[in-house]
Structure formats: C-alpha cells, structure tokens
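Novice: Protein chains in written order, with our numbering: chain R, 478 to 819; chain Z, 478 to 819.
Possibly wrong hints are sitting among the right ones.
Just so you know, same-sequence chains aren't split out, so a pair can sit in one copy or run between any two.
Subject to a maximum C-alpha distance of 27 Å in a straight line, what follows is the list of computed DSS-like cross-link-like pairs (lysine-lysine) [claimed, not checked]:
| no. | residue 1 | residue 2 |
| --- | --- | --- |
| 1 | K529 | K607 |
| 2 | K754 | K720 |
| 3 | K529 | K720 |
| 4 | K491 | K720 |
| 5 | K725 | K512 |
Rather than coming from a laboratory, the hints here were simulated on the basis of the structure.
There are 2 protein chains.
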Amino acid sequence: MIIDCHGHYTTAPKALEDWRNRQIAGIKDPALMSKAGELKISDDELRESIEKNQLRLMNERGSDLTIFSPRASFMAHHIGDFAVSSTWAAICNELCFRVSQLFPRHFIPAAMLPQSPGVDPATCIPELVKCVEQYGNVGINLNPDPSGGHWTSPPLTDRHWYPIYEKMVEYDIPAMVHVSTSCNDCFHTTGAHYLNADTTAFMQCLTGDLFNDFPTLRFIIPHGGGAVPYHWGRFRGLAQELKKPLLKDHLLNNIFFDTCVYHQPGIDLLTQVIPLKNILFASEMIGAVRGIDPETGHYYDDTKRYIEASSIVVGDDRHQIYEGNARRVFPRLDAALKKQGR
Amino acid sequence: MIIDCHGHYTTAPKALEDWRNRQIAGIKDPALMSKAGELKISDDELRESIEKNQLRLMNERGSDLTIFSPRASFMAHHIGDFAVSSTWAAICNELCFRVSQLFPRHFIPAAMLPQSPGVDPATCIPELVKCVEQYGNVGINLNPDPSGGHWTSPPLTDRHWYPIYEKMVEYDIPAMVHVSTSCNDCFHTTGAHYLNADTTAFMQCLTGDLFNDFPTLRFIIPHGGGAVPYHWGRFRGLAQELKKPLLKDHLLNNIFFDTCVYHQPGIDLLTQVIPLKNILFASEMIGAVRGIDPETGHYYDDTKRYIEASSIVVGDDRHQIYEGNARRVFPRLDAALKKQGR
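Can you make the complete structure from the sequences, with help from the hints?
Specialist: See the structure below:
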C-alpha cells in the first residue's frame, strides 16, 4: 500500500476562492463579509474536483491513499484576525472532511488550524478537537510563521506553542510543520518561504530541548526537510558545537521528513543520509510544481518514480517509506485503515 | 593551485571585538563611542592570529590561497546607523587588507560593505571603491538582509541594489551574497539564516530578470547554495511554471555555488547536479562548524577531502573547481596571481 502523507486540496471548486475573496473584502468593509453558510458546494462538485485531478493522478501513478489537508498557500493566516482565520479554517477543514467521506479509501483528512499572528495558539484547540473527534483527522498542519514571512512568532520550542503540543500528545497525532503564503516580497512562497521554514523549524528543534518535555511529540518536516539533509554534516556539526546529543537521539525519534523532492539526486541524498524510519512518502500533488520535467519526460512531483528508481531503497525499505512509517507516525491513520480491513 | 573562495577573519585579536563592543555601547551613550583611531593591533598580533589558525589549517589541508573577508556574523549591519556601519566596515576591511599584505601569497581580500537597514546602498560605494582601488579587493560580500532576519529590504532584483551592481560591473568583481547575524529569534544564524538567505537569493534571481540588465554581474551563493542543489528539480520546475528560460541559461552564466557543504553526500549531490563551471572550492574555515566529524575522524569543514574522495569530480574537473573557476569569476584575483607569476 502506498500512502502519500502530503496532499492539499488545491483543486477545490472556484466557489471556495470566491467566498474567501468576499471574506477578505469584508475585513475592510463588514457589509461585504461572507458568512460560512453562504458557501454552497455540492457533493458532485467535490467529487469532480477530485476525480479529475488528485484521484486521477493517484491512479495513474499508483498511490492508494492521501493524507489530505486544506491548500497550504490559501491558509494565509496573516489575513484578518482570529475570527477570520477561524471561519476560514472551519470551512476548509469541512471540505477536506467531505472529500474523505466521499472517497474513504483514498483520502483521510489532516487539519489546518485557525492560527492568527500574535494570537495565543490555544485558541486553535476547539477546531483541532472538532477535526479529530468529529471529522476523523489524523494529523494537523502547524504554521510556525502565521505572519506570512515576517517571522514574528516565537520559535517552535517556546512555551507559546505548548497548548497545541499537549493536545497533539493527548490525541497522539503528528503535525506537519507547514507555512503558508509569503506576504514578504523577499520570499517566493513555494521557492523560498516553504524551504526556509523547513530548515528553520528543524534548527529551532535542534537548538532547543522540546522533545524532553514532549517525548512522543512528532513533527513532519515537509519538502524533504528543506535544506537539512543536504547539509546534514553541518547540522551534525552544529549539534556538536551546541553540546547536544547526536541528532539521531536528539531529534530523530520525533522528526520525520517527507519525500517532496522533485528529482532523483535529491531523493537519493535524502534516503542515503536520513534513516529510512524517518522518511515518509509524499508528493504534495497537485502543488507547487505541476509541470513535466523535460529531462525525464515525467511529472516533477511524481516522487514515486524516484523511489522506484532508487538503488538505496529496495525491498522492505520501500514498504517502510510507502506505508510502515506513515502508520507508525499517524496512529489514527493506522487505526482507520485497520477498521477498513487494510 | 587550490583557492578557497570563502574565508572570513573569524580569529581577529580580541581588541577588535572590544572596540566593537564600545562602539555598540556608544550608540546609546555617545560618551562611550569608540573612535577608529583607538584600535591598535600590531602586525605581530595579526600574524599570530593567522599563523596559528587559518594558515596552519591551510597548510595542513593543502589549500594555497584564501579570498578573505571580514567575519560575516560580525558585520551585523542591523546595529546602529550608516555611520556606525561605515566606521566598522572600514576597520574590518583594513584588517583584512593588512592580513593580505602580511601574507600576500596566501590571502587576498574581499570587502564587507557598510550596509544599514533602510539606507540607500549607494552609500556603500566609497568604501567599495577604496577597497578595490587601494586595498586590492577582488570581490565583495553583499548582505541581502541588512536588518538581520527581518528581511525589510527589497529583493536583490530590485533597482534599489543597482548602484552596487553598476560598480561591480565597472570593476568586474563578483559578490558573495552573504547575510550576517540574525537578530530574529526564529532564525539560528549559521543553522537557518545563512542557508535561508542562500535559497532566498537564488529564488529572487529566478523570479526576476536581473541578468538581462547586467549580463556580466556575478553572484556566488555560499554554503553550497543553501537548499538549491538539493531541490534542483523543484527550481527547474518553478522556472518552467514561471515561463523562464532553462536555469542553465537564465541563471548559470551569473550564479555560482561554493563547496561549503560539510559531508560527502552533500558534495556529491552538488557536483552531480550543478555544472562544474558553476562550483568554486571553499571551506568557510574557521567558521560555523569547527569540530571533528566522529563519522570520519576529520574536520567537518575540511571540504577538500570530499572533493578528493569524489568519484564525480576527477582530473581536470577538480582543477576547475579548485582554481579555474575562481580565476574566471574573480578576474582581479587572476590578475593579482599573474602579477605574482602564478
């Protein structure tokens, strides 16, 4: 079985974006503000948006199940206040839940949180509880920079974030550490901000001792861990300078990397450097890089091809990356699959 | 001949730091402000600081010449105003010049600029001119984020930076794009901010068309290009989405990467993915990662070992990375070496 741990609902019907645009207009002019109940998307529309896109590609490429969360770049936590984020998160999470109900063998939801810059993350708990308890979400996306590229929140090791972590530990769910759109002109969203955030989050954890306080807390660092595996020697050396334990003991019981690296040499490095138990298959399809690589004739984000072509990952190792690790890191996914007899 | 294109004067006598601390104290209380003339460091002190450190390691490891610039993390352009940066840059550049005079076969200077957040980069020109014309500097370090992790300057493709570029083109000198200390708690300086800046700078160039305006402008992206080579497929794909030419045409006549990647798999990926004409040997020694890698028994930053052990870079390719590319990217270095009969 092949589980893609990183998919976003990037192909939602246009009504969603229209609703969001009215909501954003409503921040300045409350008369224009859209209400949650005004969004009407039928099951048929949802079905079509998935069947023609993600599900089609999953079938073509041969993956079985996607952990599916709202579109990352649309979270845009920097827009408006907590109320705006709260309504928006509820709507987006409901749509992913509905997709998971329509395609229960192919999609299982992960939640976005109603984060807002400068607002206590504890305010996100009710949405998180609803998503886990009522919607069957198996993980969350945690944005370490709700300001959208201004980095005004404390590091992930700060107690600021502990209310979220306590709930994550209680539910035994992991978080993918995933930023959203950059509103800082310096950072291209998917070409700089995403990768920078991945590197930043890892280094925040390296300098701190978060996992002493939360030994079972689990983070997935997406996009192959940003710059981390490529600079693994640097990070091992920095940990040494900072008198931290070896990274395998200090961080690798709690931090995992996905395989959203869009060429063979990158996947080869990732799988060579990072223990296989810490690597989860993912494509972030349909996402930032949608084209076909002229050097291979295949989609850049068809990451399964790189795993299949790997001489490093073979036999049972492949199973670990495709399925075993995801079941271990997302215990609620494992439980849901077992309920389905899978 | 082996040229290390990325060395900083990290081992300057303590008097320099003391002077800087008095300067910083003087920002709040002008009575405490240190004056440039108060810094006294003898040639013997300079000699000792180099012979015991960089030069010793260069001899041990077998590199011949270092392009030597002021300590990157000490530039701290975010501290004080332009006058503070200006005095500080002049002092630091003078020390590197003196080192180059004391060890003319081993060190050649590159300049830091007196950047200051919110200040027109044109104000840096006089220091740049002095460093090139009087001190024989062969390149500069350009900080794309003088705010120190708040990223308040426009992207490198903005006309804001053009006065520097015009002077670079006139002198035919390249810039290493190198940030300084992060004063943003989110970013560890050498573990996140440096790598993020490398990725960010590359992506800024990718989205823009800077090299149409300056076809001969050259940037070195340090630390192996941040996350870029590891995600080369992603960047190729993003360029494609943005309807840009192939990266080799769009950027690789102007952008170069150094080899400050501190483990074998990283160097292997770099040399496999990036054309060899775009890779310049460097160690950033003595820098962020000073320890010995327990997995190899050698210094993490002894990057020559990784090149020597490479099965990808052999024969004349090695010469290109060690010497040929540096002579091409730094024409004033080449001219200075030829004057020495090298």
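Novice: Okay, which hints does this one fail, numbers in order?
Specialist: Of the numbered hints given earlier, those the structure breaks are 1, 5, listed in rising order.
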